[in-house]
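Asker: Spelled out, the chains give:
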Amino acid sequence: MSKPKAGFNWFASCGGCEEAVVDLHEAILDVVAAVDIVFWPCAMDFKKDDVRAMRDGEMDVCFINGAIRTSEEEEIAHLLRRKTKIVIAFGSCSHMGGIPGLGNLFTRDEILEHDFTQSFSVVNPEKTYPQEVTKVPEGEVELPRFLDYVRSLNQVIDVDYYLPGCPPPVALLRNAVQAVLSGELPPRGTVLAPDKALCQECPRLDSKPDDLAITEFKRPQEIIIDEEKCLLAQGLLCLGPATRSGCGAPCVNGNMPCTGCLGPTSRVKDYGLSTMTVFASLFESKDEKEIDELVDKIVDPVGSFNRYSLPSTFLHRKANV
Amino acid sequence: MSNNGNGRTNGSPRIGVYICHCGINIAAKVDVERVTRFAETLPGVVVSKEYKFMCSDPGQELIQKDIREHDLNRIVVASCSPLMHEETFRKATANAGLNPFYFQMANIREHVSWVTKDKDLGTEKAKALVAGAVRRVSLHQALEKKRVDVHPDVLIVGGGIAGIHAALTIANSGRKVLLVEREPTIGGHMAMFDKTFPTLDCAACILTPKMSQVKDHPNITLWSYSEVTKVDGFAGNFTIQVTRKPRYVNEDECVGCMLCIDSCVYKQARVDDEFNQGLSKRKPIYIPFPQATPPVVVIDPETCMQLSKGKCKQLCAEACEKHAIDFNQKEEVIEVQAGAIILATGFKTFNPMRIPEYGYGRYLNVYTSLEVERLVNASGPTGGEVVLRDGSKPKSIAIIHCVGSRDHKTNKYCSRVCCMYSLKLAHLMKERSNAEVYNFYIDMRTPGKGYEEFYDKLLEEGTHFIRGRVAEVTDWALTDAEEGKMIVRVEDTLVGMPRRIPVDMVILSVGLEAQPDADDVRRLFGVSCSKQGWFTERHPKLAPVSTATDGVFLAGACQGPKDIPDTVAQAGAAAAEALAMIDKGFVELEPNTAFIDEEVCSGCKSCIPMCPYTAIKRDDEKKVAVINEALCKGCGTCVATCPSGAAQQNLFLDEQIYEEIEGVLNYV
Ligand SMILES: Cc1cc2nc3c(=O)[nH]c(=O)nc-3n(C[C@H](O)[C@H](O)[C@H](O)COP(=O)(O)OP(=O)(O)OC[C@H]3O[C@@H](n4cnc5c(N)ncnc54)[C@H](O)[C@@H]3O)c2cc1C
Ligand code: SF4
Ligand code: SF4
Ligand code: SF4
Ligand code: SF4
Ligand code: SF4
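If you read the sequences in order, they're chains A and B.
In terms of this note's numbering, the first sequence opens at residue 1 and continues consecutively.
In terms of this note's numbering, the second sequence opens at residue 1001 and continues consecutively.
There's no promise every hint is true.
[Stated by the list, open to error] No farther apart than 27 Å at their CA atoms in a straight line, the calculated lysine-lysine pairs in the DSS-like style are these:
(1) B/1623 - A/229
(2) B/1393 - B/1430
(3) A/289 - B/1230
(4) A/229 - B/1617
(5) A/286 - B/1617
(6) B/1617 - A/269
(7) B/1623 - A/269
(8) B/1409 - B/1430
(9) B/1409 - B/1562
[Unchecked claim] Computed beta-carbon distance windows for the label pairs:
(10) A/280 - B/1548: 23 to 33 Å
(11) A/209 - B/1519: 42 to 52 Å
(12) B/1148 - A/280: 28 to 38 Å
(13) B/1111 - A/148: 32 to 42 Å
(14) A/286 - B/1111: 24 to 34 Å
(15) A/296 - B/1111: 53 to 63 Å
(16) A/36 - B/1662: 20 to 30 Å
Keep in mind that the hints were calculated from the coordinates and are not lab data.
No experiment lies behind these values; they were computed from the predicted model shown.
By construction, the Cβ of each residue, glycine as well, lies at the ideal position given by its N, Cα and C atoms.
All chains should be modelled from the sequences, with the hints used to inform the complete structure.
Answerer: Quick look at the structure:
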């Protein structure tokens, strides 16, 4: 029997996901031994035409990381969908929009204007903006269009599975590869991680009080963090109660609060909303003014509660007014 | 998708949709026919019909017939508010053999026709709501109601005539009553009156026997000088916290001999007597009036030397043979259980300082009606003699109606009792002082058995009646005859000219207002109140003593101004409602309880402190949260809190709510 054909692709993301693949270390040799890597532009030289040349459904599985921001990414996403049996959204950006998704707090025009005219390192008195088509003596040069907003992969194409995380934890990746190889896959649409929140596997859970009441918010740099006690009980915004487990709690073990990269469990439709409601519910004060003051202490609420997930919330983005 | 049990869905949906005209209540602003035809096109809908009155018997039969003939397994009725008829239609559904929770109501009356001017827009909105309800009902599941035993005791709050009558009715039936009264004595306003209209029987003669019965009744526990400070639970099983203020006198010992009062170091009474409306003085240790119930003295800590200064010879304690006086008494907080609650907190009178033109507080001889009730009372400050503040007898008296009633600047409503009590006071004043009495009225409102006859009698007695709203009470005399008098300026609308009537005494017939703490009280007991603060009955005609909260009933003037006959009738009705609930022995609980999906719960503990009924514990072995279904009241707090979607609520599953929202939004 021929080896399954696998692909990897990189859209709008930092590249950390590619790094995660490399982090398989020796295990990557097993992967290479088990599958034929037919597309991995980050590591080897592949062109769009190589994909176009494939038969529809020729690739058995493709791991796609990164969100969709440009017309080229959108086009290739559709192309890969056609050529692949199992598309796995790989990493937070592909899964929920990720950090690039925070771009949705601004309109396209605001971003272009800022980056090409106002940014500290830019001098552009003529206000020259990148054009999709530019005439040069040699002919025409084309650039992909910078789309209006960022989308997660499943907002552009059908996605079969999700490997969450920023980047996905190696253990989850290994399990996923195993599942693909053995053909023992869960129902389509499943997030390939445990369906329970992080508190479940957090070593600090026992120190979390039954009657937790939030009286203040602190930032990690403001306090000496106790290494044993539940971080939420120390006033830090730990998103563990709302975030899928499976990571092994590396942040919490590193004495930092969970920031939510694995996203919500299967029953939650809007990750940011569920994190906000749980904290708001736990506020000790019932006085409106005190509550307002407490809320004001949260620096950058969207970046705190939707750091990896803004495009996949009900609101998606700032309206293009 | 996980749910709370197995086999609770019943195959692919076969939905019946029924659109109600509600006469023209709905049909005037919603094209019912169009909505009906629209509903037919929705997925899963097998029949869609319209009917004039869905809640009528034929309307309900229509549903039942269709369930049988078309094998329907889901029902949607688009009509009024679920508060109105959800139960009706659930029963109709159940009578045809379907689980009653395979039913969903769309409110196209209160939410659409009554708040929409444009018929096209109304029709569109009704369609959207029906679309939402149809999608939601497809995900409904069969649920069972739970029965819970009812606690047989009744709590009554407020010991005016309403609370007293309700307490005796219930106690006589053999049930136990806890009567909580805020003041040191029960009796309320009625205890202040000398006579009562229209029969002029002596208030004390008819009230005090009832007060003693309350005190002696084996089935009544009376806690005076006490207030309810917390209410938990639900119909049939309320847990109530009562705070008993210290009266510094041991209630079980004191026999009401009042020896202590005589021996108090204050030889003269110096404190304004609240019960006598400040028309006389009392000592720091006092009893509101001789027949006060319980007959126990009380010490006012603000003026008592011992309690305010920490230093006194304590002659009162020395005088007390029963050693009842206890300066170390502390506030007590007691928790009690009851199955039903009757609110009978009464009213307060309008403060006439708010109408400065009438001179109250400025002219010594302007009185409120309540003050005059004390003045004419045989056990009042003057022993029933009508004398002015300087001791002289008035020769002419003005009674001004509608003070703080039927007035856009104060209260728009009619206080219902003031015309009648003004007539009563006119009669009493004339009888006691032989003065000329002038009644200034806007309209004479005497509807009631024997009331008009009472008015006729007064007309014959030679009391003067002047129709017109009084403009002002002034001491600015224009003639010698007016010198030294107060002049009532009024436009006599029958004669059609302004008049000035000089009098020695003015009585302001103040209106009735809601208690100042009505809003706190209503929150405590979970009932609603009108803008003016009167507690709201469940239905003005058909459920006049029930409230929106099951198991909480209303009696007397706390629900709105009313006289004693109406108060007593209502108190009887409230008692009967409470007894009916208790004698049934059980209440059925809505099955809208919460449950936790163990597969998803991370044991994060967030929900545990949220539950107002401490129904959630953590199972330390399984490391998940567990809800005690018997304690859960279905408030939904944990469901909203849970960041994993593990805590869910029957009838309000996320899937059902999202489905309904999508149904509405997709149509829009
Ligand atoms: C001047 C005047 C004359 C009147 N004359 C007549 C008449 O002749 N004939 C007639 O039929 N009607 C008359 N009325 C009307 C009559 O007063 C009322 O119909 C009657 O008092 C209503 O009784 P109630 O028990 O509802 O309220 P109330 O008499 O006001 O009693 C309420 C009781 O509840 C207690 N209470 C209040 N809040 C609390 C709380 N939070 N906790 C515990 N206890 C509380 C109060 O202390 C009070 O004891 C007159 C009214 C006025 C103002
Ligand atoms: S809140 Fe954070 S620190 Fe506390 S138990 Fe949960 S994951 Fe651990
Ligand atoms: S069901 Fe409701 S809307 Fe229809 S007739 Fe009855 S009260 Fe009116
Ligand atoms: S302690 Fe003194 S002031 Fe107080 S009631 Fe007794 S005698 Fe009067
Ligand atoms: S719904 Fe949740 S919070 Fe509310 S009573 Fe039930 S268990 Fe408690
Ligand atoms: S909040 Fe949700 S996940 Fe956390 S313990 Fe409660 S039910 Fe479980």
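Asker: Hint by hint, note whether the structure agrees.
Answerer: Structure-based check of each hint:
| no. | hint | verdict |
| --- | --- | --- |
| 1 | B/1623 - A/229 | holds, 18 Å |
| 2 | B/1393 - B/1430 | holds, 12 Å |
| 3 | A/289 - B/1230 | holds, 24 Å |
| 4 | A/229 - B/1617 | holds, 21 Å |
| 5 | A/286 - B/1617 | holds, 23 Å |
| 6 | B/1617 - A/269 | holds, 26 Å |
| 7 | B/1623 - A/269 | holds, 24 Å |
| 8 | B/1409 - B/1430 | violated, 32 Å |
| 9 | B/1409 - B/1562 | holds, 22 Å |
| 10 | A/280 - B/1548: 23 to 33 Å | holds, 27 Å |
| 11 | A/209 - B/1519: 42 to 52 Å | violated, 35 Å |
| 12 | B/1148 - A/280: 28 to 38 Å | holds, 32 Å |
| 13 | B/1111 - A/148: 32 to 42 Å | holds, 36 Å |
| 14 | A/286 - B/1111: 24 to 34 Å | holds, 30 Å |
| 15 | A/296 - B/1111: 53 to 63 Å | violated, 36 Å |
| 16 | A/36 - B/1662: 20 to 30 Å | violated, 43 Å |
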